[in-house]
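Here are the chains, one letter per residue:
4 protein chains.
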Amino acid sequence: MAGSSFGNIFRITTWGESHGKGVGVVVDGCPAGLPLSEEDIQQYLNRRKPGQNRFSTPRKEDDAVEILSGIFEGRTTGTPISMVVFNKTQRSQDYSEIASYFRPGHADYTFQEKYGFRDYRGGGRSSGRETIGRVAGGAVAARLLEELGIHVQAYAKAIGPVQCETIDMEEIWKNALYMPDAKAAQAAQEYLNQCMANKDSAGGIIECVADGLPVGLGDPVFEKLSANLAKAICSIGAVKGFEIGDGFAVASSNASTNNDAFHMTSNDQVEKLTNHAGGVLGGISDGSRLILRAAIKPTPSIATPQQTVNLSGEDITCVVKGRHDPIIVPRAVVVVEAMTSLVLADALLMGMSSTLDRVRKVWK
Amino acid sequence: MAGSSFGNIFRITTWGESHGKGVGVVVDGCPAGLPLSEEDIQQYLNRRKPGQNRFSTPRKEDDAVEILSGIFEGRTTGTPISMVVFNKTQRSQDYSEIASYFRPGHADYTFQEKYGFRDYRGGGRSSGRETIGRVAGGAVAARLLEELGIHVQAYAKAIGPVQCETIDMEEIWKNALYMPDAKAAQAAQEYLNQCMANKDSAGGIIECVADGLPVGLGDPVFEKLSANLAKAICSIGAVKGFEIGDGFAVASSNASTNNDAFHMTSNDQVEKLTNHAGGVLGGISDGSRLILRAAIKPTPSIATPQQTVNLSGEDITCVVKGRHDPIIVPRAVVVVEAMTSLVLADALLMGMSSTLDRVRKVWK
Amino acid sequence: MAGSSFGNIFRITTWGESHGKGVGVVVDGCPAGLPLSEEDIQQYLNRRKPGQNRFSTPRKEDDAVEILSGIFEGRTTGTPISMVVFNKTQRSQDYSEIASYFRPGHADYTFQEKYGFRDYRGGGRSSGRETIGRVAGGAVAARLLEELGIHVQAYAKAIGPVQCETIDMEEIWKNALYMPDAKAAQAAQEYLNQCMANKDSAGGIIECVADGLPVGLGDPVFEKLSANLAKAICSIGAVKGFEIGDGFAVASSNASTNNDAFHMTSNDQVEKLTNHAGGVLGGISDGSRLILRAAIKPTPSIATPQQTVNLSGEDITCVVKGRHDPIIVPRAVVVVEAMTSLVLADALLMGMSSTLDRVRKVWK
Amino acid sequence: MAGSSFGNIFRITTWGESHGKGVGVVVDGCPAGLPLSEEDIQQYLNRRKPGQNRFSTPRKEDDAVEILSGIFEGRTTGTPISMVVFNKTQRSQDYSEIASYFRPGHADYTFQEKYGFRDYRGGGRSSGRETIGRVAGGAVAARLLEELGIHVQAYAKAIGPVQCETIDMEEIWKNALYMPDAKAAQAAQEYLNQCMANKDSAGGIIECVADGLPVGLGDPVFEKLSANLAKAICSIGAVKGFEIGDGFAVASSNASTNNDAFHMTSNDQVEKLTNHAGGVLGGISDGSRLILRAAIKPTPSIATPQQTVNLSGEDITCVVKGRHDPIIVPRAVVVVEAMTSLVLADALLMGMSSTLDRVRKVWK
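In order, the protein sequence lines correspond to chains A, B, C and D. The opening position of the first sequence corresponds to residue 77 in my numbering, with each subsequent residue numbered one higher. The opening position of the second sequence corresponds to residue 77 in my numbering, with each subsequent residue numbered one higher. The opening position of the third sequence corresponds to residue 77 in my numbering, with each subsequent residue numbered one higher. The opening position of the fourth sequence corresponds to residue 77 in my numbering, with each subsequent residue numbered one higher.
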């Protein structure tokens, strides 16, 4: 399979480079009849836009989305939804330097070796602008989930060494870092100021939860919901780790603690008393809250001198020019949310035929 | 996509339940001309067999593999390799109890809801025996990798709270827990004895490394090598977390530390001076060692009484009968190795056409 | 994608060679709760068995199917259904001759070039025995279709130059050639006797119809129902042509004739007055009878001397030994039926999410 | 799988409707380093443009392609090539009539039933403009094939009842109907004049050949080259039949005639003496010319009154307004060529790993 498509029935195909004509996505397989507007997409894109605060790059990008197909009279028609964001404000800067060497922590070297040459302008296809297609596609998925009573929400759980100690969903929208803990957000900003002073950058942890999921999403063995979430999240550029539920903490736990007991609720529903599993059992959604986390590495572009090699095979010292985000976690929050939404939307559509009774519901 | 296939060109399809007639796998897309015997497969299967020591269930399973197709005169023919392990020694025990309630930490409840009923005998398709197909398929992949000078090796990095402090690859084969640190292995065994005394179980961390990889495996965006590894590993039953390279530690690191500097080796090769990235840059293999980790949860079957509900919707207390592994980490080591090998084999075959020059090498 | 899987949600993976240990199929994605027995499968396999009359090879093959997984208490569980037919009665004959040259009309030459060597015993993977997996898988699909009121029926429309002039569905079961016209069947048998006397073989045309289909199967553009049927049918070994509805006759027709007019039935249903389209409009099922045809070439193995080359690159004359079918059309009838059923079953499952309303029906 | 993608490694995803903002395609998986310009694409698109002669609709469409991504310094980068043709000259006509009923021979009824409503303007997604994406994608595939010495050429073999009797490849470019026989082209034009006078339309047969193919494209069983070609061709809107080699004529042939004998050429190559098979044996390319045919139905839009039903469920008589092609065969010639090229390009890339030796060629 070529690498720019994701999903089975609900599937996106993204395209575009940092300094080409634009970036975009084709969303195929979305059910017909879903109300959808450019504004629905734009509000997601706005959350990943740079220049929103001093911790993101002051490059001004409009990132205005245009829907080119698949909508008629305000609703999806069941045919591909093509969306594009034209690259308007890229500076026609001199990239001759960056073209000549491999930036540490970037994909320059691997692209060069894999493809024989590379579009070095702003990182080309490996630029963070690639995530625009993910977010636009994820916004459509989120709209579909919403119609089914499912809500997905991501936030910054940690910025560098600063961890959130409380989770206040309202707070997420009140600070520039999308942290659900005001105190942590304050401490994180101070930490970031220090990173910037050091010409360095920071990483963090993004947590994402989904509420309202039915039991039964995901398939046994290779198409577990957790496996597809892992792939989705680890396909995001800077992600180096993935957890679901208690994650790595399970390694030192015991079953007597880690197993989630079942009980009957007052309205006769099966419910888990705890949620160490994070919403999946045997890789299939169990009706409780889905909880996952992604580890985001520090932005590799820093103004500190670094050792590297150039295209002529010589050892050199480089200083990556330009103004770069000292942290990408806040802008990546909506990307994690988008990828999670895409996996859930596809699992919902793929899971409709699990029983003969369900097949009969639709076809008879 | 149905859930029991994995991979694109090099693809496996597994089948079978714990107490059905057998379990098996069809390996499709393996290049022709690879020398392969049942013994090649059996030595991998033997590493996941139960009953090898007191920390794995004393159930005696032969797990003798039979190759049914795809081999002629000792070599693969390019057509599907079908392999089966017949279930020989399953006790015809009474499963009426297990049939009537949902075991905490197992897939009983989600299977029941997804499919309307379930094969409750020994967990059916969600049993650990499902991994036999993965391991048999992974053994074929490993044989292919070996021909290309690639070696994959997994081991237990931690058992419960006991972490390895040294990595001695020879030591892995000397202790029952497949730990690369003799002292840690000793401490881990003591910890497991205590778990058993408590009628409890333990989890752990499995680490897997691959050496000899060329630069260029994996594709940008959704088919990153790291993304496919994440899916492969998180599709294994008890896995709750995945890391590549420094994993979650990157969250509190800085780019000045986390970026791996490049330099030229004495024989004019580009090389990284460190390997925080774990062998991938931009999701594409960078020629250095691949390093990943999986978090394994404690075996959910324990003899301690647990709260749950039965099929009639009543709260009950259950005690899971039978003799179960107090830990599955040692047996899962080879499963992690198998899944890693499968991803690498597929990435090698998928990556052959990245440039026009490579296409010409084969077709002209 | 490796070549031995077919279908998306309802997917089969076949394996096995003519003279290996057996042939088989894994059916993945079948909805849970479908009553299914080995007898359901066996009755389909019996229709492709050789030795049923003098026009098929007198080799005695038992072809007894065994279900190895995926069934519990007589119903499908939603997990893979693995089926095997062990090769019992293959004569351990001398294949050294066939190994040394390329039989005209067979895949010997292309297999040799593609894979570097080949399993020459009885054609290996390119043998007609490969269709056992298709038929066993198709039998499961047919059972599913039956539950939804859909019936698929194939028959021999022409044997060599002898065409059926009437279609009497009862008659199909009354003659050895599965022709729906008794008179044509009689003429065809005389024609085949003559072919055999000439040490030659014959081809024919198989027609397949499906009744009871809902409107809406298949997707616009590349996943048209007609496109997937074309692939399914043309993937059968000896097929050289495919038609739907009026097929090639449309080329010399006019729209005023070829367009099917709509009208309202007495019970207020939209109905077509004619069916030149063969049941699809825009590649999507239109609720009328599906009609397709496959052109089958004459069995290439004949006792007449033929010019060919051997592995040493010398021109030689060969006479293919053994007893071979003078025609495969009658045995291929059930294979066409199976492939059609597989496409329809998959289209039904894939088509469940075409509208938001349908998604709500299952998930809310 | 959603329906708007085609191919495995070399894969296109198309989007767009007749009267939306535009139509386009994303080509993923094209090897890096292929020289490619907008002009390469445009010359293919020009061949399907309307208004080139009196037998195609006089609507003026610019159909100017714009490449939005995937090209750097004149060569493909290995990342997705996004191409768009904006819809510039669509008349803002009144579609209220067409919205209210189902045109016979069109997809109006099946779209309405499948999706609950439809974009009725100009046929929406089921319009012939959908083929722009196929042709643009196919042009990229054709450029790749050219680099490997493979040439694909389609032409009109028959227009209505008028068949070509000679095949003169030069002649194709000399008449408006893309027929390789000047005399037939003359007769066909007279036939079409008569159709137009009758307010009727005509169909025809398109033949496509490919020269320079290596042996070994396509896989056994379901991914036969012939099966994928059948799907590709039958996915084109008006196609009702597909043949490879002798096609339906094999049904009344005998093996002694139909089998292609092998011999050694003067420069020691294996060669077939005839080519009844049309270039595939066992579904795998055999090194001889690939020959396939597509049956194209008469354009369904005609000015003759037709019986149909409206959205209110009433029987009505309709006359489809607007100026429509009396035949689409000439414009579909390049579409058949494009789809054939796409299948061949994908088969080339998928077939690179058939042997261990080939894998070694690239990776060692």
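There's no promise every hint is true.
Since the list gives no way to pick one copy over another, a pair counts as held whenever it fits inside one copy or between any two copies.
[To be verified] Restricting the straight-line Cα-Cα distance to at most 30 Å, the calculated cross-link-like pairs of lysine-lysine (DSS-like) are:
#1 K97 to K125
#2 K437 to K397
#3 K275 to K437
#4 K164 to K440
#5 K97 to K164
#6 K250 to K440
#7 K97 to K437
#8 K250 to K437
Since the hints were derived computationally from the structure, they do not count as laboratory data.
Evaluation of the provided hints:
{"no.": "1", "hint": "K97 to K125", "in the structure": "both (18 Å within a copy, 25 Å between copies)"}
{"no.": "2", "hint": "K437 to K397", "in the structure": "neither (60 Å within a copy, 39 Å between copies)"}
{"no.": "3", "hint": "K275 to K437", "in the structure": "neither (60 Å within a copy, 45 Å between copies)"}
{"no.": "4", "hint": "K164 to K440", "in the structure": "neither (51 Å within a copy, 43 Å between copies)"}
{"no.": "5", "hint": "K97 to K164", "in the structure": "both (8 Å within a copy, 20 Å between copies)"}
{"no.": "6", "hint": "K250 to K440", "in the structure": "neither (50 Å within a copy, 34 Å between copies)"}
{"no.": "7", "hint": "K97 to K437", "in the structure": "neither (46 Å within a copy, 33 Å between copies)"}
{"no.": "8", "hint": "K250 to K437", "in the structure": "neither (45 Å within a copy, 38 Å between copies)"}
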